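Visitor: Sequence:
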Amino acid sequence: MLGFRVCLQTRTKARPVLHKLVHKLASVHKATVLPPKQLQSLLNPFTALEDYLHRSVDTSSFHLFQPRLEDVAEAEKLFISSSTHRIDYYTSAERMEHAPRLQQPEVCFIGRSNVGKSSLIKALFSLSPEVEVRVSKTPGHTKKMNFFKVGGAFTLVDMPGYGYRAPKDFVDIVESYLYTRTNLVRTFLLMDASVGLQQADMVALEMCEEIRSPYVIVATKVDKCGSGELLKNLIRLRDLIQSQTSCCFPQPFLISSLRFQGIYHLRCFICHITGAITLQDTSAQE
Numbered sequence: 001m002l003g004f005r006v007c008l009q010t011r012t013k014a015r016p017v018l019h020k021l022v023h024k025l026a027s028v029h030k031a032t033v034l035p036p037k038q039l040q041s042l043l044n045p046f047t048a049l050e051d052y053l054h055r056s057v058d059t060s061s062f063h064l065f066q067p068r069l070e071d072v073a074e075a076e077k078l079f080i081s082s083s084t085h086r087i088d089y090y091t092s093a094e095r096m097e098h099a100p101r102l103q104q105p106e107v108c109f110i111g112r113s114n115v116g117k118s119s120l121i122k123a124l125f126s127l128s129p130e131v132e133v134r135v136s137k138t139p140g141h142t143k144k145m146n147f148f149k150v151g152g153a154f155t156l157v158d159m160p161g162y163g164y165r166a167p168k169d170f171v172d173i174v175e176s177y178l179y180t181r182t183n184l185v186r187t188f189l190l191m192d193a194s195v196g197l198q199q200a201d202m203v204a205l206e207m208c209e210e211i212r213s214p215y216v217i218v219a220t221k222v223d224k225c226g227s228g229e230l231l232k233n234l235i236r237l238r239d240l241i242q243s244q245t246s247c248c249f250p251q252p253f254l255i256s257s258l259r260f261q262g263i264y265h266l267r268c269f270i271c272h273i274t275g276a277i278t279l280q281d282t283s284a285q286e
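Each residue of the sequence shown is one higher than the one before, counting from 1 in full-length UniProt numbering.
Simulated from the structure, these hints should not be mistaken for lab results. In this text, all values refer to a predicted model and were calculated from it rather than measured experimentally. Backbone N, C-alpha and C define an ideal beta-carbon position, used for all residues, glycine too. It is possible that some hints are incorrect.
Taking CB as the label site, the calculated pair distances span [to be verified]:
id : residue 1 : residue 2 : range
1  : Q104      : K24       : 29 to 37 angstroms
2  : E50       : E209      : 38 to 46 angstroms
3  : R212      : T84       : 33 to 41 angstroms
4  : G275      : R55       : 25 to 33 angstroms
5  : E209      : L53       : 34 to 42 angstroms
6  : T32       : Q242      : 40 to 48 angstroms
Distance condition first, Cα-Cα at most 20 angstroms in a straight line; then the derived SDA-like pairs of lysine to any residue [stated by the list, open to error]:
id : residue 1 : residue 2
7  : K144      : H98
8  : K122      : R238
9  : K149      : H272
The whole structure should be built from the sequences, with the hints applied where relevant.
Guide: Structure representation (structure tokens):
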């Protein structure tokens with residue numbers, strides 16, 4: 001994967017921050033008091049964009065995972081730390097030989113520097129504000145694999161970001177993890193929805209396809225551009241998933257960590273694919 005070594009790089013200086021305040025929409029219970037259309041936009045941000053599309057455009061792939069509100073609320077409970085279900089930063093590793101040997105299902109997040117990976121992980125864990133998520137004013141600070149244990153349910157791994165000035169061994173870390181981690185159930189590949197897929201994202205996507213491990217594309221920062229540009233980027237992404245991938249879940253997940261759009265559904269999807277919950281709605285797909 002020489003192209004991956006050339007295109008995917010990272011940056012520096014991290015400082016640990018404990019995010020103390022809970023976002024006013026961190027819980028879906030708080031969101032249920034909103035008007036139905038606004039609630040639906042939080043659950044699946046794509047619904048707010050469909051009015052701008054011609055009726056002939058097939059949007060079914062954006063609605064494949066549609067859990068019931070009860071399922072979303074059930075999944076949310078697993079993101080709340082307690083004395084019997086502790087959520088915390090577990091450890092970091094620079095090499096696979098240093099990675100903890102865990103049996104529980106695992107999901108990992110990878111993406112370009114400044115794609116909003118840390119913000120997304122903070123949003124997912126926002127109901128447990130004591131969980132330490134490393135953030136920095138300088139994008140691309142993550143140089144290690146950071147493991148977060150969600151009780152005995154599953155582990156979430158924050159992988160090093162790719163972008164400018166990545167460590168030379170970055171590809172060795174990522175490829176080694178993706179190829180050998182037997183308890184990995186899904187990779188979440190993050191892209192910036194406001195700018196669309198970049199060349200480095202395409203190389204990362206090709207790597208996931210080559211490894212043939214199931215992955216999902218998460219489109220971040222959906223609040224950062226106008227509806228027209230956002231729709232163009234998303235339809236291009238949809239077309240690429242349909243025509244050039246075989247291991248990617250057909251539905252991209254749209255996320256705004258700032259406005260909390262898409263966070264509830266993503267929590268539920270993670271709980272679903274790790275087997276932490278059983279969905280009541282059998283029409284939901286993996």
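Visitor: Determine for every hint whether it applies to the structure shown.
Guide: Here is how each hint holds up against the structure:
{"no.": "1", "hint": "Q104 / K24: 29 to 37 angstroms", "result": "holds, 31 angstroms"}
{"no.": "2", "hint": "E50 / E209: 38 to 46 angstroms", "result": "violated, 29 angstroms"}
{"no.": "3", "hint": "R212 / T84: 33 to 41 angstroms", "result": "holds, 37 angstroms"}
{"no.": "4", "hint": "G275 / R55: 25 to 33 angstroms", "result": "violated, 38 angstroms"}
{"no.": "5", "hint": "E209 / L53: 34 to 42 angstroms", "result": "violated, 28 angstroms"}
{"no.": "6", "hint": "T32 / Q242: 40 to 48 angstroms", "result": "violated, 34 angstroms"}
{"no.": "7", "hint": "K144 / H98", "result": "holds, 10 angstroms"}
{"no.": "8", "hint": "K122 / R238", "result": "violated, 27 angstroms"}
{"no.": "9", "hint": "K149 / H272", "result": "holds, 16 angstroms"}
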